Amino acid sequence: MSSEIQQGTAAKNAPQAIDVGRLEKELAASWQSAGGAEESGVTRVCVLNLIIYATREEDRAQRDELLDVVTAHTPARALVLVADREATEAKLEAYVSPLCQEESRGGAKRVCGEQVTIEASGASVETAASALEPLVVPDVPVFLWWKDIPHGEDKLFNRLVELSDRVVIDSLVFDQPHEDMQQLARIIGTHRQYLLASDLNWGRLTSWRNLVASFWDVADYRPHLDALDDVLIEYDPPDAAPDEIAAQALLLIGWMAAELKWQPTGELVREGKSARWVLQAGEGRKINVEFRPAEDRHGCDGLIATLTLKTAATDAEFYVGVNEEWTKLETSAKIGDARSVGRVVSYEAKSEGERLSRELSMLSRDEVYERAVASIARLLEVLQKS
Amino acid sequence: MRAGVRLERTAEPCVVVIFGATGDLTKRKLVPALYRLVQERLVPAEFAIVGAARTELSSEEFRANMKEAIVQFSEAKSVDEEVWESFAQGLHYQKVDIGTSEDYVKLAELLERIDGERGTQGNRVFYLSTAPSLYAEAVKQLGQSGLAKPKEGQKGWVRVIIEKPFGTDLASAQALNRDIHQHLDESQIYRIDHYLGKETVQNLLVFRFANGIYEPLWNRQYIDHVQITNAETVGVEGRGGYYEKAGVVRDMLQNHVFQVLSLVAMEPPASLNSESVRDEKIKAMTSVRPFTPERIRAECVRGQYGAGSINGKQVPGYREEEGVAPDSATETFAMLTMYFDNWRWSGVPFYIRSGKRLAKRVTEIAIQFKDAPHKLFGSEMMEQMTPNQLIIRVQPDEGITMRVAAKVPGQVTRIRDVNMDFRYGASFGMQLAEAYERLLLDCILGDPTLYARTDMTERGWEIVMPILEEWAATKSEAPFPNYEAGTWGPQATHDLLEQAGRRWRRP
Ligand SMILES: NC(=O)c1ccc[n+]([C@@H]2O[C@H](COP(=O)([O-])OP(=O)(O)OC[C@H]3O[C@@H](n4cnc5c(N)ncnc54)[C@H](OP(=O)(O)O)[C@@H]3O)[C@@H](O)[C@H]2O)c1
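Keeping their order, the protein sequence lines are chains F and S. Read in this note's numbering, the first sequence has 156 at position 156, and its numbers run on one by one without any break. To convert, take the position in the second sequence, counting from 1, and add 1000; that gives this note's numbering.
Partial selection, computed: residues in chain F whose CB lies under 7 angstroms from chain S: (1) Ala17; (2) Ile18; (3) Val20; (4) Leu92; (5) Thr127; (6) Ala128; (7) Ser130; (8) Ala131; (9) Glu133; (10) Pro134; (11) Pro138; (12) Asp139.
Using C-beta positions, here's what the derived DEER-type ranges look like: (13) F:Ala240 x S:Ile1213: 57 to 63 angstroms; (14) S:Leu1217 x F:Glu381: 49 to 55 angstroms; (15) F:Asp19 x S:Glu1068: 19 to 25 angstroms; (16) F:Glu89 x S:Pro1316: 17 to 23 angstroms; (17) F:Ser207 x S:Ala1076: 55 to 61 angstroms; (18) S:Glu1498 x F:Glu65: 38 to 44 angstroms; (19) F:Ser207 x S:Leu1217: 45 to 51 angstroms; (20) F:Glu86 x S:Leu1217: 51 to 57 angstroms; (21) S:Glu1294 x F:Glu381: 42 to 48 angstroms; (22) F:Val137 x S:Arg1208: 23 to 29 angstroms; (23) F:Asp19 x S:Thr1168: 29 to 35 angstroms.
Keep in mind the hints are simulated off the structure, nothing from the lab. Note that the structure is a prediction, hence the values are computed from the model and not measured. Where is the CB? At the ideal position from N, CA and C, for every residue including glycine.
The whole structure should be built from the sequences, with the hints applied where relevant.
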């Protein structure tokens, strides 16, 4: 949908400044040429700024698709920063294009946002945030979609974070989940006062968390849940880090530990590819948590396959798992020999664009997520020390 | 004749004489603005321009230079040949050395000839676009040569436009006012402040006093605080020598920012005529709480930029700029907390910041209204809700935005800020007049509302003198450089607001 209007401000050799005034004029002209807006049936809307950090290797078609989906829900000013950090030559280029919704709904005008793409390479990557800042539309929120592993020492990341109200990451791309999660916890801690954080991978866990929480909704189950002493999480090991626990599995246990006030004991057992942590509940009860890599399934890298919660004392078992086709989630609860009726809910694969759009509709702090990340960092820290 | 005809204000015939006609301002702003006035038929056919400076130039050469300047610096980047032809006919050059009396005789002869040829009726605007050190001398020479007054027995008028800066401190501004008052009446003096020529600044008056809805809210009962940001991305651009002696308080705050401030703070004038408006402005500025050394230390922040990046480009720090001392203590950024000790504003802080090499070029006023009395909706629902804000953007993109809370469509009640936006350019689909165009036209029309009056220039200096003195006395303590180019200034400015439970807006 995004057709480029003008190639602007292309620097030849030395990195040059982006001419912000000119880009704004080009944008304004593009709206005027879209024909007195009235006749052409286009309405320019900007409900938020979306800064997208992308690397050069990334697929542009994929990004355009993502922006189409986002625009359909949230017409925005997208500020796309394409960075080529490895390049030796410092370069900075910018161009603008409208971002329009697929078609108008019921004869109404088409709603359009706009896109400014900044391509930065070499040394210009570090200074690119200063090119982007003046293009941010004031008075509407600023989201940063950082499609990479966030590093607290990265100058560009920090500048963009300072500019933003909310940073959205996807911890599914973490290639060292243990270290990266701790890093993330530090970043959230440092910028906590002003920064809100979102994680697409946390969004993928929403159905899981819903189903797990619904066990606690049943009064009859409570005594069993309060006696939990065994947790098993099976996950599809991430290709990038086959020997580490997947980020999503960490988030799930981080969430449970934070909400149920489980503390680390420092005990860690490795058995083959599995890892076993021993946590402790307030009243001294020990909980064995086992992370077990499941068989590798195409397209499910790093995702959780099953979660089983058990009590030895009362012989109860609560289960949530994904089906063979990875399209449904099933639950069951078993107390002694009596099997309760299970539940099946759909578990549709959503595109990155859809997930991102969901995050863009949220403006308040996700305290639960932040607690989960902090709790994982604490667990990992204690385990590393022991 | 004009009754009932829808015509804009039309000007009387006149000649505009520019002292400093070979300079930068003339080609960048003045001549392009005058050309537009002719093009838009806002000045009559009986109109002429005389360029004056020491350089030897023929009128032909001057015309060629000015045509080039219009192409280079006008918004349109071109000239309309027909308009140019008629414009050029009225364009002359006369060699004048400001200090040489004989040159004024020749100038007077030329002006008289033009009166005869073009019917300009002895009306004159003298525009002093030269170094400030020459203002007093030029006015004296005009006075002594008889050019400062209409000729005996003739009707005509004479007005003098004086560029900035007007003095470098209170004493020099007072001395300059004294000197020029020896030869000119206050009504003949037009001290330029190009910020006042901005459409939004003018609209501030209309907005406040013609709109019934805002005026009742415009006071301490409803307003929590006011933020005024005046940010430039440029550095000293080769004028390091000048800037070293000036600094941002002299260069920007004391004049431009205070003008804008006074329009926000003033009481409603009895009428919108120039004297009533200027009376109210000075009244407001008179109630500004004086700065004491304690207040300066606690409520003001000075800054100087270090190296950083602007618009994606690496830029050097102030001390590395040409003409700047490597240990310079000149401030390139200042933030002041100001209070008006009057009924309307008692206890309402006005936070004012101005600086070079900041993240974005923008001048705006943000009026922050107080929180809704009871927060009916819990914090979960109030997603990112800030109290209502009114933002008046002066540049770029002049316009007014009201930020209010609204319910987000959907099943659950969620409240999110929305903006009601009004941009002049977009709303009226027209190009806004450059500030200089408006100001030149006002002077030709004899309307000094948007020019600074004697008392206002002196009051501006009076307010900032304690700051300039305190900062000069504590030069060695200045923690410079203390902000990176491309940011929003020293951390201390953010801390200051934070301590008060407030936060600077991102403009
Ligand atoms: N440039 C801007 O954007 C800008 C912005 C705001 C305010 N201003 C103010 O505008 C004024 C002019 O600025 P500018 O940048 O145009 O300065 P400029 O480029 O240095 O020009 C100075 C002019 O004064 C003339 N001049 C110098 N000595 C003279 C003398 N003894 N007699 C007659 N003419 C003399 C020069 O011409 P000759 O050498 O041929 O005599 C030249 O035309 C200054 O007061 C400045 O503070 C300028």
